[in-house]
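In UniProt numbering, the protein residues as written are 1 to 41.
These are computed hints drawn from the structure, not numbers from a lab.
Any given hint could be a false lead.
To be verified - Restricting the straight-line Cα-Cα distance to at most 30 Å, the calculated cross-link-like pairs of lysine-lysine (BS3-like) are:
no.	residue 1	residue 2
1	17	27
2	27	16
3	27	5
4	27	9
5	9	25
6	25	5
To be verified - Restraint-style ranges between C-beta atoms, simulated for each label pair:
no.	residue 1	residue 2	range
7	37	3	15 to 23 Å
8	4	40	13 to 21 Å
9	24	3	24 to 32 Å
10	34	4	23 to 31 Å
All residues carry an ideal CB built from backbone N, CA and C; glycine is no exception.
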Amino acid sequence: MSSSKFISKIDYYCHKKESLFNQSKFKYAIRSMFAGAFFDF
């Protein structure tokens with residue numbers, strides 16, 4: 001089974017986000033608010 005670069009990038013960024021959530025829920029919340037605000041505009 002071959003793995004695409006797209007799937008490996010998604011996996012990397014999901015682990016990165018999970019790591020941030022586990023380390024600091026406050027930083028995760030701030031980044032999520034900024035991402036949501038940016039997405040709305």
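Hey, residue 27 versus residue 16, does the alpha-carbon distance stay inside 30 Å? 13 Å, holds
Hint check: residue 17 vs residue 27, CA-CA at most 30 Å. Holds or violated? Holds, at about 11 Å.
Indicate whether the distance between the beta carbons of residue 34 and residue 4 respects the range 23 to 31 Å. Check passed, 29 Å falls within 23 to 31 Å.
Does residue 25 lie within 30 Å of residue 9 when you go C-alpha to C-alpha? 23 Å, holds
Need the status of pair residue 27, residue 9: alpha-carbon distance at most 30 Å? Since the Cα atoms of residue 27 and residue 9 sit roughly 22 Å apart, the hinted pair holds (cutoff 30 Å).
Just tell me: holds or violated, for the beta carbon distance of residue 24 and residue 3 against 24 to 32 Å? 30 Å, holds
Check the hint pairing residue 27 with residue 5 against an upper bound of 30 Å on the C-alpha distance. 28 Å, holds
Starting from the hint 15 to 23 Å, judge whether the C-beta atoms of residue 37 and residue 3 obey it. 34 Å, violated
Are the Cα positions of residue 25 and residue 5 separated by 30 Å at most? 29 Å, holds
Residue 40 and residue 4 - C-beta distance against the hinted 13 to 21 Å: For residue 4 and residue 40 the Cβ distance comes to about 31 Å; the hint is violated.
Checked against the numbered hints given earlier, this structure breaks hints 7 and 8; the rest are met.
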